Amino acid sequence: VPGTGGGKDKETVKVVVRCRPLFGKELVEGRKSIVTLDSAAALISLKCPDNGQIKSFTFDSVYDENTSQRQFYDESGYPLVESIFDGYNGTIFAYGQTGCGKTHTMQGKDSPPELRGVIPLSFDHIFDTINADTTREYMVRASYLEIYNEDIRDLLTDDAKKKLDLKESADGTVYVKDLTEIVVRDVDSMNNVMNRGFKNRTVGATLMNEGSSRSHSIFTVVVETSETIGGQDHFKAGKLNLVDLAGSERQSKTGATGNRLKEGCKINLSLSALGNVISALVDGKGKHIPYRDSKLTRLLQDSLGGNTKTLMVAAVSPADYNYDETLSTLRYANRAKNIKNKPIVNEDPKDAKLREYKEEIERLRKMLESQSQSRGSGLGTASGMGTPSRPISPRSAIREAAQIDAQAKAMMVKAEAMMKEAAQREGAKQTEVVVKEVIPASHVKERDELRELNQTILNQRDRIGQELEQTQVAMEAYLREKEMLHAKLKKIESHILGGASSSSSTRGSVGGDADSEVALLKQQVEYRRAQIKLREKAKKQAKNEAVRRALELEKQHVEEELKTAQEAAQASLAAARKKETKYRAKLEATRQEIADLNSEFERERENLLDTIREQTKEAKLLEQLVELFLPQNELVKVWERAVWSEEREEWNL
Numbered sequence: 010v011p012g013t014g015g016g017k018d019k020e021t022v023k024v025v026v027r028c029r030p031l032f033g034k035e036l037v038e039g040r041k042s043i044v045t046l047d048s049a050a051a052l053i054s055l056k057c058p059d060n061g062q063i064k065s066f067t068f069d070s071v072y073d074e075n076t077s078q079r080q081f082y083d084e085s086g087y088p089l090v091e092s093i094f095d096g097y098n099g100t101i102f103a104y105g106q107t108g109c110g111k112t113h114t115m116q117g118k119d120s121p122p123e124l125r126g127v128i129p130l131s132f133d134h135i136f137d138t139i140n141a142d143t144t145r146e147y148m149v150r151a152s153y154l155e156i157y158n159e160d161i162r163d164l165l166t167d168d169a170k171k172k173l174d175l176k177e178s179a180d181g182t183v184y185v186k187d188l189t190e191i192v193v194r195d196v197d198s199m200n201n202v203m204n205r206g207f208k209n210r211t212v213g214a215t216l217m218n219e220g221s222s223r224s225h226s227i228f229t230v231v232v233e234t235s236e237t238i239g240g241q242d243h244f245k246a247g248k249l250n251l252v253d254l255a256g257s258e259r260q261s262k263t264g265a266t267g268n269r270l271k272e273g274c275k276i277n278l279s280l281s282a283l284g285n286v287i288s289a290l291v292d293g294k295g296k297h298i299p300y301r302d303s304k305l306t307r308l309l310q311d312s313l314g315g316n317t318k319t320l321m322v323a324a325v326s327p328a329d330y331n332y333d334e335t336l337s338t339l340r341y342a343n344r345a346k347n348i349k350n351k352p353i354v355n356e357d358p359k360d361a362k363l364r365e366y367k368e369e370i371e372r373l374r375k376m377l378e379s380q381s382q383s384r385g386s387g388l389g390t391a392s393g394m395g396t397p398s399r400p401i402s403p404r405s406a407i408r409e410a411a412q413i414d415a416q417a418k419a420m421m422v423k424a425e426a427m428m429k430e431a432a433q434r435e436g437a438k439q440t441e442v443v444v445k446e447v448i449p450a451s452h453v454k455e456r457d458e459l460r461e462l463n464q465t466i467l468n469q470r471d472r473i474g475q476e477l478e479q480t481q482v483a484m485e486a487y488l489r490e491k492e493m494l495h496a497k498l499k500k501i502e503s504h505i506l507g508g509a510s511s512s513s514s515t516r517g518s519v520g521g522d523a524d525s526e527v528a529l530l531k532q533q534v535e536y537r538r539a540q541i542k543l544r545e546k547a548k549k550q551a552k553n554e555a556v557r558r559a560l561e562l563e564k565q566h567v568e569e570e571l572k573t574a575q576e577a578a579q580a581s582l583a584a585a586r587k588k589e590t591k592y593r594a595k596l597e598a599t600r601q602e603i604a605d606l607n608s609e610f611e612r613e614r615e616n617l618l619d620t621i622r623e624q625t626k627e628a629k630l631l632e633q634l635v636e637l638f639l640p641q642n643e644l645v646k647v648w649e650r651a652v653w654s655e656e657r658e659e660w661n662l
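As numbered in the working numbering, residues 10 to 662 make up the sequence shown, in order.
Among the hints, erroneous ones may be present.
Claimed, not checked - List of simulated lysine-lysine pairs, DSS-like, C-alpha gap at most 27 Å:
#, residue 1, residue 2
1, K346, K296
2, K346, K552
3, K626, K646
4, K548, K349
5, K56, K595
6, K248, K176
7, K56, K587
8, K548, K351
9, K170, K118
10, K595, K564
11, K346, K23
It should be emphasised that the hints constitute simulated quantities derived from the structure, not laboratory data.
Here the structure is a predicted model, which means the values were calculated and not measured.
Sequences are here, hints too, so could you generate the full structure?
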């Protein structure tokens, strides 16, 4: 398990690039790849299809079309997910144009297993680590939302189209009110939550992508840990945001109309707001950061410049006809790698659910113990013969009833014997001269006493039977309450993973097999962690070696240029012409760069103008509708009374 430690130092956003292969209609149309990747040097080069000019960018890592899902996760996603066990917040989000493989990278496919993406692979990682750890206790919660047309929706409720509100707490934390959070205890339950939400996600077909995401989605996993140090419980909470962004679109390529066009406008506006936030963070200089321009940027506020470790995956297309979009994505990614975050460990959070659950478990255990102790003094009452009632237990009540019943039977036998003896005496007297039916007074008195005693015994037996029945009812009520408390305790304990809470129950059923299984799993986790560290070290060494080779080549190139310059010093005119040619090339490259920037600016301007026109049409339609139903003087009154709410982003009329 990763060690604890404070993290007050700033760190930059980690940015990686992943390029998908050519596929489908691109191959049919004979499209060519304009992207070249050097994984060792983490370098990606983009060739302009018009003039052949090459632009190069360097990132933390670059991945070509042959990169497997597992390799991508182990090298880029694994270290970030590992940090949440230390109490850090982490965010992984994919950025790029529509149809470039963002959802494939983040979500992937369930079958075959090799195609599973970052989100399901992170589930395996989280629960493998938890199951191998016997020193700490864990609680895992999950939520899933989407941002569709600037509306926040909960994907885990039956009414997935219901709009939720975005709120801000007193400490500045942004959260979604009434968002469903589900406690999960294993990979299967986590996958069920993900699949349940994924079915509710909004997708649609465009010319660029048959299963295009029409919304931004955020799958959040909260991992709380509890570790006992010096007899005190210490809690940490790490949060992992797994973000799948909808892709930027151009209507001319997607062929979107109607709702699809409206969705595309909203997507482009939110991505434009995200780009503005990235630019403002990179520029610095105390500039206002426009987080409030969209719901997406508000939810990602901590991930961009805040208390979070962040990985940005720039997904690009290699096709020549996507040159403009690919260049735009790489430029945004190149800016994002300069964003500085300030991740810190979330120690002993006040709202830790794990602390609440452990306190509830302790309370329920004390209730069960107190109930068991009270059972020792009895649940019901019974009365002895001629004595006041006293507390008895069900077993003692049954024993006493049996004894009284036996006494009653013995008395009845004795009474019958005495009655028989009296009858014999009466028969003997009839043979005497004086015929008179006389029963000795002592026998009559004894018979009456026996009858009275028998009636007393029967009454006492009936009373004890009633008390025993009451005791039985009380016992059943006690057992029901105890069973209910046990069920509640078991349910809460089932939400706490790792540590003694899970290993002890397993050990009780299968003995040493559980210990060996946990030990084996722990070895596997440690082995995989060591392998990833070795690969990361080897990758850094390869990158350093590539940089060294590049520097050597540059040095050789400089030496050759110097030698050429020395030789050309004798022919100043030739040298001047060479310099002129060189400067012309640089000037042409600069002009081309300016032209590219101008064309990109014009495209963005046209997209924004199109969006403004659409919104103007909608506004005019609404104005005309209002004028149809309200007189001018009433309309003026409405405008005078209307107040705009910044928090709810709506008019109070």
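Which hint numbers does the structure go against, in order from smallest to largest? none
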